[in-house]
Amino acid sequence: MTPYLAYFKISFKQNTVYRIEWVLGIVNTCVQIFILIAIWKALYSGQRAMNGIDFSVIATNFIISLGLSNVFYTNDFAIQRKLNDGSIANELLKPIDFRKILLANNLGEIVFKFFSNFIPSLIITSLAIGILPPAGILALFFYAISMVLGFAVLWSISLIVQMTAFWIINVWSVSTIKDVFIRVLSGIALPLWFMPKPLLKIIEYTPFDSIYHIPMQIYLGQLGLAEIGFSMMKQIIWVAVLYGISVFMWHRGKEKIIMQGG
Amino acid sequence: MSVIKVTDLHKTFKVSKRPKGLPGTIANLFAPKYSVKTAVNGISFEIQKGEAVGFIGANGAGKSTTIKMISGILYPDSGEIEALGFDPHKQRKQYVSHIGVVFGQKSQLSWDLPVIDSFELLKHIYRIPEDVYDSNLKMFTEMLDMESFIEQPVRQLSLGQRMRADIAAALLHSSELVFFDEPTIGLDVVAKERIRKFIRYMNREKHVTMIFTTHDMKDIELTCDRLILIDKGQILYDGKVHDIVTKYGKERKLIVEFDGDYEIERMDDVVIESKDEFKRMFTFNCEKVSLKHLLAHLTDKYGIKDFTVKEMEIEEIVRNIYEGGIVL
Amino acid sequence: MSEIVDTLSMYLYYVRNTVKAWFQYKLDACLRSFAVFMREAAGIIIIYLTLKSFKLLNGWNTAELFFLYSILFLTYGILIIFFTGLRDFEFTVSKGDLDRILLRPRGILFQVLSSNSDWFAAIGHGGLGILLFVISANKIGIVWNFSTIAYYVAVIISGVLLQGAMFLIIASFSFYFIRTGNIRAFFYYNGRNFAGYPISIYPKLIRILLIYVVPFAFVNYFPVQYLLRKDDMSQFPVAFIYIAPFIGIVYYTIAYAFWRFSLKQYKSSGN
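Protein chains in written order, with my numbering: chain Y, 23 to 284; chain H, 7 to 334; chain D, 0 to 270.
These aren't lab readings, by the way, just hints derived from the structure by calculation.
The reader is advised that the hints may include incorrect statements.
[Said to hold, decoys possible] Below, in silico cross-link-like pairs of lysine-lysine (PhoX-like), each with a Cα-Cα straight-line distance of 25 angstroms or less:
| no. | chain 1 | residue 1 | chain 2 | residue 2 |
| --- | --- | --- | --- | --- |
| 1 | D | Lys138 | D | Lys54 |
| 2 | H | Lys96 | D | Lys266 |
| 3 | D | Lys203 | Y | Lys219 |
Chain Y extracted, bound-state conformation (with noise of 0.2 angstroms):
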């Protein structure tokens, strides 16, 4: 476990060392919550609720979720960098499973961005705002759990993006096309509740709406309890899943490699 534990260390304290980019953090994930505001409150030209969605909601969305977005960090460079310096070749003699490290290595750039970042941003727009509560203890308690559930479909997501770098060249491409999807169909900047129904019946069957739809129904007390059992299991099945096709590609990859000689 510690080894881990020093890598997590590591990139906390990395982060630390860019003040001025810390306050920009911040001020930048604000501000994209502000222009969806803005837009939205311009679409609801003045009325409290449309299509039975309050504003109150699509405020809280943008603040949880947008805010959330800027959180989840994973880099899906990580394996083409090694491929590309050669060190792919320790990781594959390391006693150490390399994931893990990098999950480690996410986890602290990610802690600390959910203090230095979400924190602050969240304190900020929910004052100048306003954002709902939980709708209940219980609700934050499963929205918590499902959360997590929502960033592991997104690592799974990643992963799977990480192990294109065995086949082609530049991953940025693939990570930047995933993004988009990301971005239109997860909710964040197009909340779902107004997403039109036929796109919306296909999102439903896509790992997309596991990553911040799911968990923001859940506070917002949108679901009754057998549906949050039935949504927090969707989820799981998308992290087993992608998970799962993540690891054949690794060991596909990893054939690729020893037979190429690195």
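Dock chains H and D against chain Y, hints included.
Below, chains H and D alone, put in the same frame as chain Y:
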């Protein structure tokens, strides 16, 4: 007129203090601390055309700062610099079109492109006339033996090849003054000698003024005629390479191989070390102790099979100067 | 005159070299363009889907919003052809290449600008801009005659210069501290994100920022208002519409002065 004239140069830097530990790191986010470091503290010298001068100094002693100021990258807090008749800072573009710089650690060539393409680019950048470019290129290709790799991308070259290409690049525009920063670092003996030979040629036959900053004493010994030692922002020694040896290299080492394991009697002003069963090393100051007498003395009293005499190496001399062992 | 020809041919030479190096990686290049295209199209797709439920945003319909957006992409596409070097300047500094630039007998900014050109970002953004323009230009009721076309061309150029000025200022920060990525993200990219929508939807503070600090309002909003005269223009001085074509060069001049000043600071502090 001197090629470089430096008068009473001063330069200080603000250095941010790195905090220790996690609480310090967080505090540093809010209130960063700085300390003032004096890098150059009153340096003056003149360099004439055709000289090859080596700058030696510990890291942080001020030598790279001085070089940066002469090349125009940095400007001094006070003092004057005149190089090739220009003010390196105020007349940058005119000045740099006559100088070349070789960074041993970092190539100026385009990584992905063939060497010749980088040369062509330099031809454009420096507005080198076609005939000058052609004749220089031909001369360098021949002397540095670049024919075999001049069409290859830089990333495929060995360190030695890349270094040769970089040196050619620095001289392509017929530069009158060239700065070398660690030009032979990481190279094998053969490659080093090839480069030193070329550098000597350009310096002695073509009268290109050269300045070297390096930790490699052999570079200095074999290519420079003048040596400037910098320590703590000031010049400790400025004179001929040869002189520093004759003036300060007083120490001699006499290594004797005896025919038996003798207990050598102690002598005044001579340090005796055991190198082996039968070998002893005698270290002494050749002004205090006569080599002739010492040898005679030893031959008389003991059976000698073989001996060698070693002079001090520049490296040792310099180290001694720094450690205060030699006072200038 | 021969100076200009010399400089131009040098620039073209750089360009040729850059493209040459780039075509070493063909597939990667295509994927890249597509990825950039998709990333920028995301914003468009989101507006489109959002407006399916709402129809109007402060009186602007989908076609008008597309037109507003298209100018951002068109100007950025042109911008990035020339200013890629500035965009990546912080890496030039951190890699230590700035010293090499200072040792060459050419203008510093000239070397930085000619060193790179992200053609693929240009094609990605420019292509999207052209596409949006084509989709929307004849649906919004603009009469394209000599004066409207002249105005449009002028504001495109001004828009490029305005954004070039922003790049210059941000790149200048590299002379002071190392990482500018976040600054650019904050000022430039957020500014641009704001400008994707009519600025009338924003609170006063934001509008002021978009007019006086990161003047994206002059890149697309006021120019489009010249052509469309939507109702929400009443909240702003009409003069803004007329100064839009000229403000680019003014801002650029100021930015250049700051660049020169910052370069001096760099040469004094010694990185």
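Here's how the hints hold up against the structure:
no., hint, result
1, Lys138/D - Lys54/D, "holds, 15 angstroms"
2, Lys96/H - Lys266/D, "holds, 12 angstroms"
3, Lys203/D - Lys219/Y, "violated, 35 angstroms"
Against the hints set out earlier in the document, a violation occurs for number 3 only.
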